[in-house]
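S.K.: In the order they appear, the protein sequences are chains A and B. The first sequence finishes on residue 373 if you use the numbering used here, and the numbering steps up by one all the way, no holes. The second sequence finishes on residue 418 if you use the numbering used here, and the numbering steps up by one all the way, no holes.
To be clear, the hints were calculated from the coordinates, so they are not data collected in a lab. C-beta atoms are modelled at their ideal positions from N, C-alpha and C, and glycine is treated no differently. Be aware that a few hints might be false.
To be verified - Label-pair distances were calculated between CB atoms; the ranges are: (1) Met213/B x Ala60/A: 54 to 60 Å; (2) Lys180/B x Asp338/A: 27 to 33 Å; (3) Leu409/B x Asn205/A: 57 to 63 Å; (4) Thr83/A x Asn29/B: 54 to 60 Å; (5) Leu409/B x Asn127/A: 34 to 40 Å; (6) Leu340/B x Asp338/A: 35 to 41 Å; (7) Ala60/A x Glu173/B: 44 to 50 Å; (8) Glu251/A x Glu396/B: 23 to 29 Å; (9) Glu193/B x Thr300/A: 37 to 43 Å.
What the hints assert, rightly or not - Which chain A residues stay away from chain B? Per the calculated CB distances, all over 10 Å, these: (10) Asp2; (11) Asn16; (12) Ala64; (13) Leu66; (14) Gln67; (15) Gly91; (16) Asp99; (17) Val121; (18) Lys125; (19) Gly149; (20) Asn205; (21) Ser216; (22) Glu219; (23) Leu290; (24) Ser330; (25) Pro334.
Chain by chain, the residues run as shown.
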Amino acid sequence: MDIIQEFKDVVENPYNYVQDLKHKTGKPVVAYLCSYTPEEVVYAAGAHPFRVFGVSESIARADAHLQSYSCSLIRGVLEDSLTGKLDFIDGAVFPHTCDSIQRLSDIWRMNTDYKFHTDVVLPVKLNTHSAREYMYEVMNKFKTDLEKGLGVSVTAESLAEAVDTYNDIRKNLFRMYQLKSEHPGLISGGEMYAVVKGSMIMERNQVKEKLALLVSELEKSASQSVDTGRKRIILTGGICNHPDIYKIIEESGGDVVWDDLCTGSRYFEGVLNRNDDPITSIADRYCDRLVCPAKHSSETSRGENIARIANEHDADGALFLFLKFCDPHSFDYPYLKDYLDSVNVPSILLEVEEQLPSEGQLKTRFEAFIEML
Amino acid sequence: MSENIHQKETDKEARKIKSVKRMKEIMTNYYIEAKTADQHKKKIGWITSGGPVEPLIAMDVIPVYPENYGAMIGASKMGVDLCETAEGMGYCRDLCSYARSDIASSTVNGGPIGGLPEPDFLVCCNNICGTVLKWYEVQARYYKVPLFIFDTPFSHTEMTNEARRYVEKQIYEYIDFLEKACGKKWDDDRMVEVGKLSIEGQRLWQAVLDTCMNKPAPMSAFDAFFHLALIVTLRGTQTAVDYYKELLEEMNDRVRQGISAVPNEEYRLLWDNLPIWYKTKWLSEKFASHNACLVADTYTSAWCGQLDYLDENDFLKSMVEGYTSIYLNISVDQMANTVLKMADKYDVDGLVMHSNRSCKPYSLGQYDIQRIVQKERNLPSLMIEADMVDERNFSESQTETRIDAFMELVKENKGAIK
Numbered sequence: 001m002d003i004i005q006e007f008k009d010v011v012e013n014p015y016n017y018v019q020d021l022k023h024k025t026g027k028p029v030v031a032y033l034c035s036y037t038p039e040e041v042v043y044a045a046g047a048h049p050f051r052v053f054g055v056s057e058s059i060a061r062a063d064a065h066l067q068s069y070s071c072s073l074i075r076g077v078l079e080d081s082l083t084g085k086l087d088f089i090d091g092a093v094f095p096h097t098c099d100s101i102q103r104l105s106d107i108w109r110m111n112t113d114y115k116f117h118t119d120v121v122l123p124v125k126l127n128t129h130s131a132r133e134y135m136y137e138v139m140n141k142f143k144t145d146l147e148k149g150l151g152v153s154v155t156a157e158s159l160a161e162a163v164d165t166y167n168d169i170r171k172n173l174f175r176m177y178q179l180k181s182e183h184p185g186l187i188s189g190g191e192m193y194a195v196v197k198g199s200m201i202m203e204r205n206q207v208k209e210k211l212a213l214l215v216s217e218l219e220k221s222a223s224q225s226v227d228t229g230r231k232r233i234i235l236t237g238g239i240c241n242h243p244d245i246y247k248i249i250e251e252s253g254g255d256v257v258w259d260d261l262c263t264g265s266r267y268f269e270g271v272l273n274r275n276d277d278p279i280t281s282i283a284d285r286y287c288d289r290l291v292c293p294a295k296h297s298s299e300t301s302r303g304e305n306i307a308r309i310a311n312e313h314d315a316d317g318a319l320f321l322f323l324k325f326c327d328p329h330s331f332d333y334p335y336l337k338d339y340l341d342s343v344n345v346p347s348i349l350l351e352v353e354e355q356l357p358s359e360g361q362l363k364t365r366f367e368a369f370i371e372m373l
Numbered sequence: 001m002s003e004n005i006h007q008k009e010t011d012k013e014a015r016k017i018k019s020v021k022r023m024k025e026i027m028t029n030y031y032i033e034a035k036t037a038d039q040h041k042k043k044i045g046w047i048t049s050g051g052p053v054e055p056l057i058a059m060d061v062i063p064v065y066p067e068n069y070g071a072m073i074g075a076s077k078m079g080v081d082l083c084e085t086a087e088g089m090g091y092c093r094d095l096c097s098y099a100r101s102d103i104a105s106s107t108v109n110g111g112p113i114g115g116l117p118e119p120d121f122l123v124c125c126n127n128i129c130g131t132v133l134k135w136y137e138v139q140a141r142y143y144k145v146p147l148f149i150f151d152t153p154f155s156h157t158e159m160t161n162e163a164r165r166y167v168e169k170q171i172y173e174y175i176d177f178l179e180k181a182c183g184k185k186w187d188d189d190r191m192v193e194v195g196k197l198s199i200e201g202q203r204l205w206q207a208v209l210d211t212c213m214n215k216p217a218p219m220s221a222f223d224a225f226f227h228l229a230l231i232v233t234l235r236g237t238q239t240a241v242d243y244y245k246e247l248l249e250e251m252n253d254r255v256r257q258g259i260s261a262v263p264n265e266e267y268r269l270l271w272d273n274l275p276i277w278y279k280t281k282w283l284s285e286k287f288a289s290h291n292a293c294l295v296a297d298t299y300t301s302a303w304c305g306q307l308d309y310l311d312e313n314d315f316l317k318s319m320v321e322g323y324t325s326i327y328l329n330i331s332v333d334q335m336a337n338t339v340l341k342m343a344d345k346y347d348v349d350g351l352v353m354h355s356n357r358s359c360k361p362y363s364l365g366q367y368d369i370q371r372i373v374q375k376e377r378n379l380p381s382l383m384i385e386a387d388m389v390d391e392r393n394f395s396e397s398q399t400e401t402r403i404d405a406f407m408e409l410v411k412e413n414k415g416a417i418k
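Model the full assembly from the supplied sequences, consistent with the hints where possible.
M.R.: In structure tokens, the structure reads:
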């Protein structure tokens with residue numbers, strides 16, 4: 001499909017795309033690297049929210065700032081910044097999630113020279129009234145910081161429009177996932193990956209339009225979709241920066257039918273309440289949606305959630321996909337695995353660094369796993 | 001010849017810190033009391049090392065510190081075994097070794113003092129890291145006990161008013177939680193007393209550390225790692241105050257008599273990050289062999305670094321800043337400033353940094369601090385790659401070579417300044 005190809009092109013060359021977008025529209029570009037960034041506010045400020053993943057093939061300059069036991073995400077993104085690949089951005093925003101991103105924010109602020117830098121120091125627990133109030137205040141402060149930093153004003157109208165745009169985008173991403181879960185042969189895992197990731201890079205009105213088109217096309221062709229005969233796999237972890245994973249799983253006899261990823265369902269879960277003040281609804285969504293393991297909503301919420309996903313999507317197996325040195329995810333692994341075991345969903349764990357293990361090696365592992373299901 | 005040996009032995013004996021014995025007694029009693037808590041109808045609350053312990057003391061709860069236990073595990077070289085047990089449970093080897101060894105020790109019969117007494121509830125304050133949140137979630141599921149999270153927003157460039165309000169509200173939530181968990185009423189007057197004792201204890205601890213401004217220093221950071229235990233575990237009690245009075249007196253005495261921690265102190269160094277618990281003796285002797293004394297450290301001073309914020313007359317409210325602004329909850333540039341101040345205060349000749357695989361908030365940013373210290377004070381620095389508990393991440397021969405090379409630099413640098 002042409003639409004999917006457009007997302008793929010953006011994902012292949014994110015920096016060229018955004019640089020070009022900035023050149024054409026004059027919009028300031030605000031980089032971020034975590035789904036706890038209130039993108040809606042950036043969008044409402046007339047800026048372009050741009051999620052960075054790091055494109056450098058090897059790390060050299062970031063090694064002078066970050067130890068080798070830091071994850072590939074923060075090392076990769078810092079490398080891109082220090083080598084000038086991100087010179088076109090106007091600034092970056094760092095929401096408080098894990099210890100590594102928190103320290104990256106400091107190092108970034110001390111060693112780069114963008115116009116704008118802000119931290120969104122979110123609460124870590126999300127299940128109390130005072131945390132919710134604080135979340136609201138933090139979102140409001142972010143709005144003010146953004147206004148000051150970019151020299152713009154964020155109006156009630158622009159926020160209301162942002163709420164609608166993001167609800168639309170998230171609704172269609174959700175719908176695409178549902179269709180994939182119902183008809184795994186309808187769209188490949190790699191294609192889905194490109195669409196979700198591209199949605200965090202591409203201009204959001206474009207995203208909104210293209211997703212609506214894509215979903216209606218998928219709905220039309222859903223009935224003709226053929227059964228792949230493959231096992232149903234769910235992915236869980238932090239970010240996925242390796243589209244090849246999907247292809248290798250498919251070649252090994254599995255379809256990824258749902259996920260609990262920061263670059264997946266956690267990005268689009270949750271609806272903004274249109275009847276509320278927009279900042280309140282943005283804050284509420286963060287308190288209510290599925291949490292990243294760096295946040296706390298209860299001691300068992302993530303376990304219950306992964307079991308629910310496995311049940312709802314009739315999973316045969318699960319793949320834990322972690323970045324090496326990602327502490328929050330690694331801590332949750334034994335207990336999430338227990339939850340999956342309790343609903344009879346076998347799982348395997350794959351830790352990845354900058355590069356994936358060789359395709360052959362992965363295929364052997366996945367085939368052995370899928371055969372067992 | 002034999003006279004020489006005799007002299008050396010007498011020297012060594014004179015250099016020993018006498019209070020060590022008292023400290024061991026207090027810690028033994030403390031753990032005995034904790035392990036027999038139900039006999040005394042007392043509750044056990046597990047709490048993080050940076051957490052607000054004073055309300056627990058005010059409620060007559062016995063605070064227990066898994067991190068202190070982690071240090072004991074490291075020092076008694078039981079770390080590798082317990083870490084491997086945790087890995088067998090599915091915890092990745094890259095995770096914090098305090099957390100891994102504590103989580104493992106809960107499930108086995110063993111570990112120092114035969115394991116920690118089980119908690120009635122857990123108090124997790126994330127001012128030291130995000131790891132404690134995950135670790136305490138694990139323990140809350142394991143022991144099926146309530147968990148209170150004291151959430152202290154990170155201060156990158158400032159502590160915001162939003163954060164202040166949020167933390168203040170949590171102090172009252174914390175009190176509610178304790179009333180429920182302990183089944184008894186909160187006592188404001190008792191809290192005032194405990195607050196005063198806490199501040200007094202911290203002042204005394206700071207005064208003890210300050211004796212190392214003397215040349216030669218009467219104690220070293222390696223001694224501080226040991227004597228720290230009470231200001232962490234029994235902060236807010238008369239026991240801690242009395243002990244540190246005694247220790248301070250001993251240190252002042254040593255200063256008067258010219259008894260130094262290191263026989264011929266020529267070089268003064270500053271330590272950064274947690275101790276390498278299983279190698280403190282070796283490191284201490286290694287540096288002493290170069291006539292170098294680690295006269296101060298960023299770690300033990302964290303338990304008295306907030307005195308400016310704490311207020312005897314309104315202790316509870318002053319906990320807001322006090323607990324949110326601690327060393328690890330601030331940005332790398334603010335940490336570098338603290339390091340520079342300490343370098344000046346203790347007049348050091350170099351910086352020794354432990355790049356600790358177990359502790360990202362402490363370690364990420366060290367390279368930048370190293371550069372700032374080099375630029376601002378022209379001080380050489382050494383980076384030791386290790387881990388606080390997991391000995392598998394330490395190479396003695398490599399570290400030895402690096403210390404020797406570093407000490408050459410320190411000597412040259414100091415010579416050049418002279």
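S.K.: Determine for every hint whether it applies to the structure shown.
M.R.: Tested hints:
{"no.": "1", "hint": "Met213/B x Ala60/A: 54 to 60 Å", "verdict": "41 Å, violated"}
{"no.": "2", "hint": "Lys180/B x Asp338/A: 27 to 33 Å", "verdict": "29 Å, holds"}
{"no.": "3", "hint": "Leu409/B x Asn205/A: 57 to 63 Å", "verdict": "58 Å, holds"}
{"no.": "4", "hint": "Thr83/A x Asn29/B: 54 to 60 Å", "verdict": "58 Å, holds"}
{"no.": "5", "hint": "Leu409/B x Asn127/A: 34 to 40 Å", "verdict": "52 Å, violated"}
{"no.": "6", "hint": "Leu340/B x Asp338/A: 35 to 41 Å", "verdict": "48 Å, violated"}
{"no.": "7", "hint": "Ala60/A x Glu173/B: 44 to 50 Å", "verdict": "47 Å, holds"}
{"no.": "8", "hint": "Glu251/A x Glu396/B: 23 to 29 Å", "verdict": "47 Å, violated"}
{"no.": "9", "hint": "Glu193/B x Thr300/A: 37 to 43 Å", "verdict": "39 Å, holds"}
{"no.": "10", "hint": "Asp2", "verdict": "42 Å, holds"}
{"no.": "11", "hint": "Asn16", "verdict": "30 Å, holds"}
{"no.": "12", "hint": "Ala64", "verdict": "6 Å, violated"}
{"no.": "13", "hint": "Leu66", "verdict": "6 Å, violated"}
{"no.": "14", "hint": "Gln67", "verdict": "6 Å, violated"}
{"no.": "15", "hint": "Gly91", "verdict": "14 Å, holds"}
{"no.": "16", "hint": "Asp99", "verdict": "4 Å, violated"}
{"no.": "17", "hint": "Val121", "verdict": "4 Å, violated"}
{"no.": "18", "hint": "Lys125", "verdict": "5 Å, violated"}
{"no.": "19", "hint": "Gly149", "verdict": "13 Å, holds"}
{"no.": "20", "hint": "Asn205", "verdict": "32 Å, holds"}
{"no.": "21", "hint": "Ser216", "verdict": "42 Å, holds"}
{"no.": "22", "hint": "Glu219", "verdict": "40 Å, holds"}
{"no.": "23", "hint": "Leu290", "verdict": "16 Å, holds"}
{"no.": "24", "hint": "Ser330", "verdict": "4 Å, violated"}
{"no.": "25", "hint": "Pro334", "verdict": "3 Å, violated"}
The earlier numbered hints that this structure contradicts are 1, 5, 6, 8, 12, 13, 14, 16, 17, 18, 24, 25.
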